[in-house]
Structure formats: C-alpha cells, structure tokens
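Peer 1: Chain by chain, the residues:
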Amino acid sequence: AQTVTQSQPEMSVQEAETVTLSCTYDTSESNYYLFWYKQPPSRQMILVIRQEAYKQQNATENRFSVNFQKAAKSFSLKISDSQLGDTAMYFCAFMKLSGAGSYQLTFGKGTKLSVIP
Amino acid sequence: NAGVMQNPRHLVRRRGQEARLRCSPMKGHSHVYWYRQLPEEGLKFMVYLQKENIIDESGMPKERFSAEFPKEGPSILRIQQVVRGDSAAYFCASSLGWDEQFFGPGTRLTVL
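Going down the list, the sequences are from chains A and B.
Start counting the first sequence at 1; every next residue gets the next number (our numbering).
Start counting the second sequence at 1001; every next residue gets the next number (our numbering).
Since the hints were derived computationally from the structure, they do not count as laboratory data.
Heads up, some of the hints might be wrong.
Here are the simulated DSBU-like pairs of lysine-lysine, each with C-alpha atoms no more than 30 Å apart in a straight line [to be verified]:
1) A:Lys112 x A:Lys78
2) B:Lys1071 x B:Lys1027
3) A:Lys70 x B:Lys1044
4) A:Lys70 x A:Lys109
5) B:Lys1027 x B:Lys1051
6) B:Lys1051 x B:Lys1071
7) A:Lys109 x A:Lys73
8) B:Lys1044 x A:Lys109
9) A:Lys78 x A:Lys55
10) A:Lys70 x A:Lys112
11) A:Lys109 x A:Lys55
12) A:Lys109 x A:Lys78
13) A:Lys55 x A:Lys73
14) B:Lys1071 x A:Lys78
15) A:Lys112 x B:Lys1044
16) A:Lys73 x B:Lys1044
17) A:Lys55 x B:Lys1044
18) A:Lys109 x B:Lys1071
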C-alpha cells in the first residue's frame, strides 16, 4: 500500500515571499502520478500541479513549481510571490497507474498555509 | 462545460436514517470516484465506478455503505442506518480515465 506524508501541519508566509511545502511518499510502484491539491475555506478541491513519475523535468504552473526527487521519494511544492488567495489547506496525493488500486488518489493529511499581509 | 455537481451540499440525518448523496460527473466523463474527509484529515478513497460497474470498492466500509453509477443519471452513494461516525464531507470526483480527477464541491453530512 502507498503512504503519503506531509510533515508540516501548518505554515505561514509573508505576502510576496516564497514558501516550500514538503511531501514524501512510500511506494514500490514505478509508474505513478503525484499531485498537489489546494482546498480553500470553501472546501472545493482544486488541482494545483501534477507530476508524472517517468518525467525527470519538474512540473511548473505559473507561480507553482515542484521539486520531484524520485529516488528520495520526495515531492515538494514551491509557491513563489505568495498571494492572500493562496491561503488554504494543501494536500499532496499519489496515484498508481497499474495493478490493484489503480487510479485512486492517496492523500497526505495536509498542510495549512496562511499568507500574512 | 459544467463541473462536477453534487447534491445536496448539506445533509442532516438522525441516527438510523438513510443518507443518499448524488454526484453528476463532468460531461463526457465515465469514471467516478467517492472520497470521504473527516475533520482535520485528508481525503480517503472509498469507491471507484464506471458506468454500471464497480471497479474498486476497497475503501468502502463493508456494511451500510453502497454505491452505484447507473447507465442513466447520477452516481449515488448510499449510507443506511447512519451513525454519528459517518459525519464527514463526502467528495465525488470524475475523470475521462487515468487522468486528472475533477472534484465536486462535496456534501457535508451531519448525523445528529
């Protein structure tokens, strides 16, 4: 079974600064996807960024980028130029692509990020 | 293109009653997933369905919970004889296949 660990229950960052959220995972799979989801106070789950395990290049989406270290099973999220609207819970998630349990997302417990004006 | 729709958004039930949660996937999506989120926790997978088929129900409690995704109409998550421990937010997601899952706004179930 896969596990996802987010070791930072809460973090804060000043507006316009940069913050990095940590995520580690444990799997014996070689073919999988990793995701970061954002859950604002509205509780809607919003995809922030995704990474295919077979790609060596780190994914980027505007102010959001990841540091994917496959051997270390680490998948951190960097938010640059933090904005007040980034205040939310952030969940790291894992999806295997073959075998039993494929396509279901396994989530970490989340990191609560507060952006301070 | 309308997103994933869930209703009701809030549902209150007394212990022993039945809860029926509905999910309409995005247009063209034939894969539906249900997740449960307890307070201060991440989402936990419950069940994965395709039209008229349950593909993976490894996360579903063995009793009182069932799910369906009929040929026509929304997917339904049904909880019989609810207990206080069933109080949670239930999220539905849909996808085209092995790709990004788009989430609905969730149904918050409160059991009195």
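Peer 1: Under the criterion that the straight-line Cα-Cα distance not exceed 30 Å, is the pair B:Lys1071, B:Lys1027 satisfied?
Peer 2: holds, 14 Å
Peer 1: Would you check the hint for A:Lys112 and B:Lys1044, treating anything up to 30 Å between C-alpha atoms as holding?
Peer 2: Holds: A:Lys112 and B:Lys1044 sit about 18 Å apart, inside 30 Å.
Peer 1: Next pair to validate is A:Lys109 with B:Lys1071; report whether the Cα-Cα distance is within 30 Å.
Peer 2: violated, 35 Å
Peer 1: A:Lys70 and A:Lys109: Cα distance at most 30 Å?
Peer 2: holds, 21 Å
Peer 1: Decide if the proposed pair is consistent with the structure: A:Lys73 and B:Lys1044, CA atoms, cutoff 30 Å inclusive.
Peer 2: holds, 21 Å
Peer 1: With a cut-off of 30 Å on the C-alpha distance, tell me whether A:Lys70 and A:Lys112 pass.
Peer 2: holds, 25 Å
Peer 1: Under the criterion that the straight-line Cα-Cα distance not exceed 30 Å, is the pair A:Lys109, A:Lys78 satisfied?
Peer 2: Between A:Lys109 and A:Lys78 the Cα gap is close to 18 Å, so the pair holds against 30 Å.
Peer 1: Taken at face value, is the distance from the CA of B:Lys1071 to the CA of B:Lys1051 at most 30 Å?
Peer 2: With a Cα-Cα distance of about 6 Å, the restraint between B:Lys1051 and B:Lys1071 holds, given a limit of 30 Å.
Peer 1: CA of A:Lys109 to CA of A:Lys73, is that 30 Å or under?
Peer 2: holds, 17 Å
Peer 1: Is it true that the CA of B:Lys1071 sits at most 30 Å from the CA of A:Lys78?
Peer 2: violated, 42 Å
Peer 1: Just to be careful, I want the Cα atoms of B:Lys1027 and B:Lys1051 compared with a cutoff of 30 Å; is the pair within it?
Peer 2: holds, 13 Å
Peer 1: Is B:Lys1044 within 30 Å of A:Lys109, Cα to Cα?
Peer 2: holds, 10 Å
Checked against the numbered hints listed earlier, the structure breaks hints 14, 18; every other hint is satisfied.
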